[in-house]
Amino acid sequence: MTRQMPVVDYLVIDDGPPHLAGHRCDECGAVYLERRNACAACGARTFSPTRLPATGRIESFTIVHRGAPKHVGPFVSVLVRLADGTFVKANLVGVPPEADAVDFGVPVRLVTYAAGTDDDGTEAIAFGFTYDEPTAPAEG
Amino acid sequence: MTRQMPVVDYLVIDDGPPHLAGHRCDECGAVYLERRNACAACGARTFSPTRLPATGRIESFTIVHRGAPKHVGPFVSVLVRLADGTFVKANLVGVPPEADAVDFGVPVRLVTYAAGTDDDGTEAIAFGFTYDEPTAPAEG
Amino acid sequence: MSDDIWIIGTAMTPIRRHLDRDVLDLAVEASLGALDDAGVTMRDMQVMAVGSQFEPFTFGQDVQKQIGQTGIPLYNVHNACATGATAVRSVLMEIRAGEADMGLALGVEKMTGSSPPYRMTPPKAGKVFEPEGRDGHVLATEGVLGTGQMFGVFAQTGTDYARRHGGVGFEQFAKVAEKNHAHSTLNQLAQYQRPYSLDEIMNAEMLAYPNTLPMSCPTGDGAAAVVLVSDAKLRSLDPDVRRRAVKISAAVMTTDPYDPSGFAHPDVNTLTRNAADRAYEQAGIGPEDLDLVELHDCFATAELVHYDNLRLCAPGGAGEWIDRRAPWRDGELPVNVSGGLISKGHPIGATGVANLYEVATHLRGEAGDRQIEGARVGLTHVIGLGSVCVVHILERAAS
Amino acid sequence: MSDDIWIIGTAMTPIRRHLDRDVLDLAVEASLGALDDAGVTMRDMQVMAVGSQFEPFTFGQDVQKQIGQTGIPLYNVHNACATGATAVRSVLMEIRAGEADMGLALGVEKMTGSSPPYRMTPPKAGKVFEPEGRDGHVLATEGVLGTGQMFGVFAQTGTDYARRHGGVGFEQFAKVAEKNHAHSTLNQLAQYQRPYSLDEIMNAEMLAYPNTLPMSCPTGDGAAAVVLVSDAKLRSLDPDVRRRAVKISAAVMTTDPYDPSGFAHPDVNTLTRNAADRAYEQAGIGPEDLDLVELHDCFATAELVHYDNLRLCAPGGAGEWIDRRAPWRDGELPVNVSGGLISKGHPIGATGVANLYEVATHLRGEAGDRQIEGARVGLTHVIGLGSVCVVHILERAAS
Ligand SMILES: [Zn+2]
Ligand SMILES: [Zn+2]
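Chains as they are written, first to last, in numbering that gives the first Met the number 0: chain A, 0 to 139; chain B, 0 to 139; chain C, 0 to 398; chain D, 0 to 398.
Rather than coming from a laboratory, the hints here were simulated on the basis of the structure. A portion of the hints provided could be inaccurate.
In silico lysine to aspartate or glutamate, EDC-like type, Cα no more than 16 Å apart, as pairs [as the list claims (entries may be wrong)]:
no.	chain 1	residue 1	chain 2	residue 2
1	D	Lys-126	B	Asp-118
2	C	Lys-232	D	Asp-2
3	D	Lys-232	C	Glu-98
4	C	Lys-126	A	Glu-122
5	C	Lys-126	A	Asp-117
6	D	Lys-126	B	Glu-97
7	D	Lys-126	B	Asp-119
8	C	Lys-232	D	Glu-141
9	C	Lys-232	D	Asp-3
10	C	Lys-232	D	Asp-43
11	C	Lys-232	D	Asp-100
12	D	Lys-126	B	Glu-122
13	D	Lys-232	C	Asp-2
14	D	Lys-232	C	Glu-141
15	A	Lys-69	C	Glu-141
16	D	Lys-232	C	Asp-100
17	C	Lys-126	A	Asp-118
18	B	Lys-69	D	Glu-141
These figures come from a predicted structure and were not determined experimentally.
Bound conformation, chain A alone (with noise of 0.2 Å):
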């Protein structure tokens, strides 16, 4: 079986379903992603491991053209506003790199992919959003 890493460490795919985990201030409940050494909103310095919500609502978004990775071409990259308010900067996938796609109105949902194989043959698994149609094509 191909063994599989997470593209960065707040993906967790070895537990359940994957989803993101980001650390929750244990004094404000501010939630950050990567490792902290204390928090921005109150400078409270411990932390609790916290599993974020899969779905969300896109808050901003651009084409990206001029510098995209060549192997990805022209992507649309969206700022992710997930139901407990935490914010994610990622891909918005299975959708065309074109402006009238990009639908404000439509909740999105994490989806996973491989992004890369290293010279081992481990696959890199990257998330991005996808438009969550199947279950609330018409919120909002």
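Since chain A is already given, all that's left is putting chains B, C and D with the ligands on it; use the hints.
Frame of chain A; chains B, C and D with the ligands shown alone:
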């Protein structure tokens, strides 16, 4: 005949005996070796070319071991105060790289030598200083 | 003496080859150590200065993000081996000037290379995946987890505004560039000096939707300088100097206060709003009193959102404002009559002085072909992503 | 209002791809333009700040060297696109704090690479000679026209002192390192914590005569921080904080005044003497009142000349002073009881804060094993080559 270029443009090799040339401030007389915008001493903005004397005194020295270019080996770096008060840094040449060999009491004189050759066969002419013993061995 | 300055907290890390700690870990240990030692927190700090000879970009802001983002002024300084001492002096002057009563000075250096990077590092070709940095990335995430490229980041800032407010689309953003390129035709100091039609702008190469090439600042070289004097000194100078003198009625520097979105996408709005509000208060002047504005249009999308952030247009009305040509040089409040960064150019270090040059030149009535007639009050705005914002309000000498 | 700050001169260069001009040319054009516009000169400036995001080292000092070296404080700042605005703020705070009544702020950036460098560039392999830079060099001049390496430069500073004064030789310089390595055995924060015998030091690898390896600062990582408050704010704080507070009785920053030798070899003496003299005057304290000193011993040769520059020893008597162990921790005036840069380490950005940490810790009586008993007054000194010098005098709270 081999084409020659000075290692720096303030060494003049095509106008009589090799010598250093500076930029003298038209206002206060401060002398600089490199291209200038204005005078660090008085702020004036015009300079006139000036030919510098060939002799001077050693103000300080070091013998560089670590980091010395491989084709050069340990070398003696000296700060020389020329007879007109201009300071210039260079190698002390013709003297072994030993602390005991450096004598502040003996005047030094400008000499030139080939320091490298480029792909077109052009020689880079460097300058250094050496003891000016024939003229004033016991002076100072 | 009331001029005395006191050290109430201090800390340092051991000096080592810290192979298992990144530069932020060291910066944070010393910073928190000093705060703890003083029995105070980042909330008590009113200014911060960070000295590092080698850390690039806005490293001090990265430290704030780890220990507390309260929006205070922040200096990133370097001065060779006196770098840390220069950070101390920056804080000391803010306190002595009465701008702050407490501040934090940090000096830090990571001299050894073989320890964890905290910024994104490029992927090594033909390698075996190994997690790196604070996010444990195994490959370059640009284009995989969205974009971090400048034109993309500011593009998203624009579409965020468009989502929240009506009447804003590709065309409104493009109109910003049309205006600035038109303005720079009168400015011989500008890098570009030719008009671009709206069509030409909208059909140009797309860098990142909705920013096309002529909607983005070019790469150019330049410098700008100002000489400042105190009020007391000014009184001793020649009448001609006094007559041409321009008053700095407000000078405000802000950094990012904490915002939950800021870690995923830089928030250029809040710190601009904070800086503008404080500047208007300091100067006793409102947006309605301004005769011209030079604001930070690194991309057309940025200029549009700052109409709103600087309170130049009605709340949410930036699209309508550019549609009715309000910020054109013959409109109700000329913005970027120099051509702005999009057309005048953006040599990074020069930019925050060049905008003072522009406004001061108009207030002196010496802007030649591009003069805004009768200009008495102007505002300058600049943002360094990371972020830091500086707003000045200038007034011409009463004559 | 007496707090008003005025712009009396301003200038900017055209923004272009300046292919035939180096970054200094641009910096100078704007700086001189602003001075001319104000009808003033560098002699009228009491502070200068230079903003550049990309120029490394002490670029501002390089500008001073082109337009006027008067020894004034100088900030090199960066803050991304707000870099120039941060330079303006640095000058503004110095004026508002009453430290200066006139100052110059410069912002500059060379964004395009294909223009003349002004610093030494490495030679290209297998090339055809072509003059480069302001000196028109055709090959790397290190080892050909003397040395510019740090350990060599400071070695020459030492042999210059030895030429001018008796009783100074290799052994005296080595004794400095012997002392500092002995001191650091008591300091757990130090990078090295083992004693070196004089023999071991003198027989170690020679970097550049007379500096051997253990006479030179190592490469290490570290950070230090301080929290500063105003006198007014201090009065409002807890008695415990007030008791441990350390007063900054003097804070002086200098750069190089013009000296004809400085273009061939950095002069670290004059700016240190200027800073020390002004600090003693500011604090109303003389060298004889000091209980400890942390000075900038990047190399053993540097420490020795600073005994004299800081007036710690009799004029010309630095050799004799170290011979009689005066700067040892049990001598008449302990110098670098932390171990100094040679043994404690020298993470560049941290250094000028770490020396405040050390002295403050002794003045608070909290230095543990290495405490200088009863220390009431201390001095810190740091030099960034290029150059800039900062001296602080600290006093413990009267109790
Ligand atoms: Zn918190
Ligand atoms: Zn002169």
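Now for the hints, and whether the structure bears them out:
1. Lys-126/D with Asp-118/B: Holds. Lys-126/D to Asp-118/B sits at ~6 Å (cutoff 16 Å).
2. Lys-232/C with Asp-2/D: Holds: Lys-232/C and Asp-2/D sit about 11 Å apart, inside 16 Å.
3. Lys-232/D with Glu-98/C: holds (13 Å)
4. Lys-126/C with Glu-122/A: holds (12 Å)
5. Lys-126/C with Asp-117/A: holds (6 Å)
6. Lys-126/D with Glu-97/B: At roughly 34 Å apart (the allowed maximum being 16 Å), Glu-97/B and Lys-126/D break the hint.
7. Lys-126/D with Asp-119/B: holds (8 Å)
8. Lys-232/C with Glu-141/D: Distance ~47 Å between Lys-232/C and Glu-141/D Cα, so the pair is violated.
9. Lys-232/C with Asp-3/D: Cα-Cα ~10 Å, so holds.
10. Lys-232/C with Asp-43/D: holds (11 Å)
11. Lys-232/C with Asp-100/D: Status holds; Cα separation ~6 Å.
12. Lys-126/D with Glu-122/B: holds (12 Å)
13. Lys-232/D with Asp-2/C: holds (11 Å)
14. Lys-232/D with Glu-141/C: violated (47 Å)
15. Lys-69/A with Glu-141/C: holds (11 Å)
16. Lys-232/D with Asp-100/C: With a Cα-Cα distance of about 6 Å, the restraint between Lys-232/D and Asp-100/C holds, given a limit of 16 Å.
17. Lys-126/C with Asp-118/A: holds (6 Å)
18. Lys-69/B with Glu-141/D: holds (11 Å)
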